[in-house]
Amino acid sequence: MTPEEPLPEQSPVATLDPGPEKVLGPGHDYTSVTTKISGVVYRPFLKTPRQMFVGFGLAFLLVNLLMVAVTWLFLRGVGIWGIMIPVAWGFAIVNFVWWIGIGHAGTLISAILLLLKQDWRTSINRFSEAMTLFAVACAGMFPVLHLGRPWLAYWLIPYPNTMWLWPQPRSPLIWDVFAVSTYATVSLLFWFTGLIPDFATMRDKAPNSWAQMIFGTLAMGWRGSAKHWARYQKAYLLLAGLSTPLVVSVHSVVSFDFSVSIVPGWHTTIFPPYFVAGAIYSGFAMVLTLAIPVRRWYHLEDLITMRHIECMAKVMLGTGLIVAYGYAMEAFMAWYSGNQVERYTFINRAWIGGYWWTYWLLILCNILLPQLLWSKRIRMNLVAVFLISLVVNVGMWLERFVIVVTSLTRDYVPSSWGMYYPTIWDWSTYAGTIGVFLSLMFLFIRGLPAISIFEMREVVHHLEPRHGHGD
Amino acid sequence: MVMETSLYGLMAEFDEAEPLLEAARRAHAAGYRQMDAYTPMPVEGLAEAIGFRTSLVQRLVFVAGLLGATGGFTLCWWMTVIAYPHNVAGRPLNSWPAYIPITFEGMVLVACLTAVVGMLALNGLPQPYHPVFNVARFEHASRDKFFLCIEATDSQFDPKATREFLEQLSTQGVMEVEA
Chain A
-11 MTPEEPLPEQ SPVATLDPGP EKVLGPGHDY TSVTTKISGV VYRPFLKTPR
39 QMFVGFGLAF LLVNLLMVAV TWLFLRGVGI WGIMIPVAWG FAIVNFVWWI
89 GIGHAGTLIS AILLLLKQDW RTSINRFSEA MTLFAVACAG MFPVLHLGRP
139 WLAYWLIPYP NTMWLWPQPR SPLIWDVFAV STYATVSLLF WFTGLIPDFA
189 TMRDKAPNSW AQMIFGTLAM GWRGSAKHWA RYQKAYLLLA GLSTPLVVSV
239 HSVVSFDFSV SIVPGWHTTI FPPYFVAGAI YSGFAMVLTL AIPVRRWYHL
289 EDLITMRHIE CMAKVMLGTG LIVAYGYAME AFMAWYSGNQ VERYTFINRA
339 WIGGYWWTYW LLILCNILLP QLLWSKRIRM NLVAVFLISL VVNVGMWLER
389 FVIVVTSLTR DYVPSSWGMY YPTIWDWSTY AGTIGVFLSL MFLFIRGLPA
439 ISIFEMREVV HHLEPRHGHG D
Chain B
10 MVMETSLYGL MAEFDEAEPL LEAARRAHAA GYRQMDAYTP MPVEGLAEAI
60 GFRTSLVQRL VFVAGLLGAT GGFTLCWWMT VIAYPHNVAG RPLNSWPAYI
110 PITFEGMVLV ACLTAVVGML ALNGLPQPYH PVFNVARFEH ASRDKFFLCI
160 EATDSQFDPK ATREFLEQLS TQGVMEVEA
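Protein sequence lines, in the order shown, are assigned to chains A and B. When the letters of the first sequence are read in order and numbered with our numbering, they come out as residues -11 to 459. When the letters of the second sequence are read in order and numbered with our numbering, they come out as residues 10 to 188.
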C-alpha cells in the first residue's frame, strides 16, 4: 500500500473518521464522494493495495482446492465425505445453511433498513448485497454436490419430462429449491438495479474506452432523467418491500427442512424465527469481517464511519440475544415438554454425546463473548469488533453443526446410533467455498463501485441541503 | 448541420437540486410541457414539478404478483392432483396448505422481475443513443450537476425566447442540445 503519494483519482478531501455520530466524513460534496468511490475502481492496477493482491491470491488458492475436491467428488461420489447412516447430512448441509444465513444480512441492510429509513445503511448496502449474492452462490453449490448424482440436479425443477415425474411440492426440500432460487434471482435484481445509476457515473468518468464501453453497456443509456428516477425509485422501493418478507421466508423454509421432520432436536416450532435471527446475526458478523479491513485498505474511513461499525455491532448484539433465547427455549422445552426423547436429545447435545464440546463452544462463541459488545469501548475498538465478528461466524457455523450432526447421531433407536467424522474432502470443500466467496468479493471491490455512489450523493444532499449556492 | 432542424432542445445547468426544482416549477408554470430534468440522484418532487406522474410500475407489479402467486399455486395443484396424483397417508390430493410457500415465492419472483424489467421498459432502456449526451457538460449529470432541458418539440418552444427564459433561471449557463 502506498498511501503517501497522491493518486490521480484520489479525492482532495482528507480521510477523517467523524466518529460514532456521523455517517459521512467532513468536507464531502457530490464531486468528492463520486471521485472517491469511483477512484477505488479506477485506481491503476499496480496501485491496488497490496493486501488485496495477497488476499485474492490466498482466496484463489482455496478456489483451486475446491476444484480438486469437487473433481474427486464427481469421480468417486459422496463416499469421500464422512457422511454415513445415520448422519447422511454432514458438512454439505451445515455449510449450506451457514452460507444462506450469511447472505441474509445483505438483504436486511438493503431492503429492511431502506424501508425503515436508516441513514447508516447507505455506505454498506451495495457491499452487503454483493456479499448476499456470493454467499448464496456458495450455498447453492452444497445441496447439488450432496445429491450424489449432481448431474441430475435439474430433476428438482418441475419440467415436462418423458418419465412424467414431478417434484413433490409438499416437501420442504422442494420449497427450498423455489425459495433459494427466487432469493438468488431477487438478490441479483436488487444489486443490479442499484448499480445502474452508478454504472452511468462510471461510464462518464471512464479513463479509457474499454471502461467506457463496458460500463456504458451495463448502464444501458441511463441519463438520470427525472422521469426515469421516478419509475426507478418506485421499482426500487417495491423490490425492497418484496425482499423483506422474502428474506424471512427463505430462512424459514430452510428451517422447515429440519422442523417438518420428526428427528428429535429438529422437530421444533421455534426453528423459523430462531433461524432467521441466526441468519441475520451471522450475516452482520460477515459484513463486519469484510468491511473493517476493506475500509482501512482503501482509506474509506470517512464513508464507512464508526457509526456504521457501531450500528452493525448493535444489530449483532440484538440478534445474538434472540438466538440466545432460541437456545434457552430449546433447553426449557426439553424439560417442560416432559418428552423423554426431547430431554435425551438435549442431554446428548450438551453433556453425554460425542460432540458435547461443540455445544459449549457454540455457547461461548454465540452467547458469551458477544456480550462484550454491551460496552461502548469495545464497540469503538475495531480490533475487538473484528475479532468478535470472526467468533460469531465460527459460532454460527457450530450452531448448524450441532443442529444437523448431533441430532442425527442419536435418534430413537440406540442400535442405529453412529458418529460422524468429517474427512479432508469435507474440509476442502468447505474451505474452497470460502475461497470462492472471498475471491468474488475481492474482484467485486476492485471492479465495481462497492459503495452506492448515487445514494451517497443523497446523503450529502440531506446533510447539507444548501451547500454550494447562496439562496 | 442546420441548427434550426437539428435542435433537440435547450439545456440549463444548475449547481444544486433546489434551484433546479424551482426552475422546473417555473418552466411548468410558464406553460412548457415537453421537458425533462437530469440529476445525479433522485430529487424529491422533481418529476411532479415537470408535470410527470406515473403509477404504471406499481400497477404492473401488482398484476405480476397476482399472476405469480396464481402460477405457483396452480403448478403445485396441477402436479399433485392432475399430473402425478400420489396418495400420501390418505390425505387429500389437493393439500393446499403445503402449496403456500411455493405460491409465495412465485409471487415474489414474478413481481420482482416485473418491477425491474417493467421499469427499464417504461424508461425506454436500454437506449444506446440520446441527444442529451451530445452536450459536453452533460457528463456531470451523473456526478455533481443538475440540468433542465426544454425540448424543441414543445409547442411553446422558441429558440430565442426559451433561451432567455432559461437564462433567467440558471446562473450556470444554457446550452444547445443537438439532435
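Since the hints were made in silico from the structure, they are not lab data. Bear in mind that the values here come from a model prediction, so they are computed numbers and not experimental data. By construction, the Cβ of each residue, glycine as well, lies at the ideal position given by its N, Cα and C atoms. Watch out, some of these pointers could steer you wrong.
Claimed, not checked - With beta-carbon atoms standing in for the labels, derived distance ranges:
{"no.": "1", "chain 1": "A", "residue 1": "T173", "chain 2": "B", "residue 2": "R146", "range": "37 to 43 Å"}
{"no.": "2", "chain 1": "A", "residue 1": "Y409", "chain 2": "B", "residue 2": "I109", "range": "49 to 55 Å"}
{"no.": "3", "chain 1": "B", "residue 1": "I91", "chain 2": "A", "residue 2": "Y324", "range": "40 to 46 Å"}
{"no.": "4", "chain 1": "A", "residue 1": "Y142", "chain 2": "B", "residue 2": "V90", "range": "22 to 28 Å"}
{"no.": "5", "chain 1": "A", "residue 1": "L103", "chain 2": "B", "residue 2": "R35", "range": "30 to 36 Å"}
{"no.": "6", "chain 1": "B", "residue 1": "Y93", "chain 2": "A", "residue 2": "K302", "range": "16 to 22 Å"}
To be verified - Only part of the chain B face toward chain A is listed, based on derived beta-carbon distances under 8 Å:
{"no.": "7", "residue": "Y17"}
{"no.": "8", "residue": "Y47"}
{"no.": "9", "residue": "P49"}
{"no.": "10", "residue": "V125"}
Status of the hints after comparison with the structure:
Separation of A:T173 from B:R146 is about 39 Å and conforms to the stated range, judged on CB atoms against 37 to 43 Å. As the Cβ distance of A:Y409 to B:I109 is approximately 39 Å, the hint placing it in 49 to 55 Å is violated. At about 45 Å, the beta-carbon gap between B:I91 and A:Y324 stays in the expected band of 40 to 46 Å. Remark: the range hint 22 to 28 Å for A:Y142 to B:V90 is upheld by a beta-carbon distance near 24 Å.
Taken as a hint, the range 30 to 36 Å holds for the pair A:L103 and B:R35, whose Cβ atoms sit roughly 34 Å apart. Take B:Y93 and A:K302: their Cβ atoms lie about 50 Å apart, and the range 16 to 22 Å is violated. Violation of the interface hint for B:Y17 is found here, the shortest Cβ-Cβ separation to chain A being roughly 13 Å, above the 8 Å cut-off. Hint status for B:Y47: holds, given a least beta-carbon distance of 5 Å to chain A, under 8 Å.
Annotation: B:P49 was flagged as interfacial toward chain A, and the flag holds, the nearest CB pair being 6 Å apart, inside 8 Å. The criterion of a C-beta within 8 Å of any C-beta in chain A is met by B:V125, whose closest approach is roughly 5 Å, and the hint holds.
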